[in-house]
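Straight run, no breaks: the sequence shown in the numbering used here ends on number 303.
Do not take every clue at face value.
Computed cross-link-like contacts, DSSO-like style, restricted to lysine-lysine with a CA-CA straight-line distance of at most 27 Å [unchecked claim]:
1. Lys86 - Lys220
2. Lys240 - Lys58
3. Lys146 - Lys184
4. Lys248 - Lys184
5. Lys44 - Lys58
6. Lys286 - Lys237
7. Lys84 - Lys241
8. Lys86 - Lys146
9. Lys117 - Lys84
10. Lys220 - Lys84
11. Lys117 - Lys191
12. Lys237 - Lys84
13. Lys86 - Lys184
14. Lys191 - Lys241
15. Lys158 - Lys196
16. Lys237 - Lys86
17. Lys184 - Lys240
Cβ pair distances, simulated, as ranges [unchecked claim]:
18. Met26 - Gln183: 19 to 27 Å
19. Glu202 - Lys58: 47 to 55 Å
20. Asp199 - Asp167: 48 to 56 Å
21. Leu31 - Glu107: 26 to 34 Å
22. Asp69 - Met26: 42 to 50 Å
23. Asp22 - Glu107: 29 to 37 Å
24. Lys58 - Glu221: 50 to 58 Å
Keep in mind the hints are simulated off the structure, nothing from the lab.
Since the structure is predicted, the reported quantities are computational estimates derived from the model, not experimental observations.
No residue lacks a Cβ here, since even glycine has one placed at the ideal position from N, Cα and C.
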Amino acid sequence: MRPPISQETQMETTQELIDSLDPIAMRNKLLARIPEEDRGRIVKEVARELGYRFEEDKMPMQEFWAIVDEIDWGNKGDTLDIHKIKLSLMRRYSERELDQARERLDEMIYLLSRAIKEWERETGDEIEVYGDSWDDLLVHIVGCGKEEYEATVADPSKVLARYNSRDYQESFSYCFPWQCDYQKLDLEYYKTWARKVHDEWEERTFDTVTETGPRGETPKEAVLAWLRLVTLSPSVKHLKKAVEAYEKHDFLRMIRSLDIKKEHREFGRSTINEWAVRNLVDDAQKYLIPAWEEGGLRGEAGA
1 MRPPISQETQ METTQELIDS LDPIAMRNKL LARIPEEDRG RIVKEVAREL
51 GYRFEEDKMP MQEFWAIVDE IDWGNKGDTL DIHKIKLSLM RRYSERELDQ
101 ARERLDEMIY LLSRAIKEWE RETGDEIEVY GDSWDDLLVH IVGCGKEEYE
151 ATVADPSKVL ARYNSRDYQE SFSYCFPWQC DYQKLDLEYY KTWARKVHDE
201 WEERTFDTVT ETGPRGETPK EAVLAWLRLV TLSPSVKHLK KAVEAYEKHD
251 FLRMIRSLDI KKEHREFGRS TINEWAVRNL VDDAQKYLIP AWEEGGLRGE
301 AGA
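Take the sequences, apply the hints, and build the full model.
Written as structure tokens, this is what we have:
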């Protein structure tokens, strides 16, 4: 009598069997076991789990071009304020809607790029634009609206003419927020950030410096007190006052006096660097405070 196969050995054998199967034959066998009336639905569900997007999952083209028209990228010229545009979109549209808009944007860039390649193959001409300039150029054309986009797809030589005249700006794609940008509209995001920086800085010993804080304390004590102020902020109004104090008392000068470049090298990806605080302030000034001032926040954070 053969000894029983252990569960571990059985699992390894099963995996080896799966690895040895022809994936196409396996797919066909699995599909054959699904009732025909359910096949389309189940295949779509699996495809979506694998990241595929069907047309019905995407933002309708009419809605996408309406958002592009709302941004009015092609007519902004020197008045361009990407953060203001982004905030306006975040207030008007849900995170899911703007994710869908970004997917449409990527699709439009791909289709334009494909049209350009076909034009180059047919004419023998080549549009020699590379790197960031190429990306900025294509996405700018999408930002100019449906009419200009479709005209350029029909005649890709317009791309070269636009590049030669430097008739494009960096970068329309920045107007569409990422998932992490929505966190910056939450007061708790800044309080958690400040708490982490405070705890790491509190444990470090910095070289003695001659700079002093607003109350005569050491720069480290002043910065830690400021971080505690952010951590305890009950509202955006209080956080704004903390940011104003940061600017008024030149906390950046105090932070730089601590010679933290050496610390940053020692501790790698820690928050022992001036950007840990500067980015907190910058994001509050660019996202949370403007949204609060314009009435774009809900709940206690906007009090």
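> Are there hints from earlier that the structure breaks, and if so, what are their numbers?
Replying inline: Hints 1, 2, 3, 9, 10, 11, 15 and 18 not satisfied by this model.
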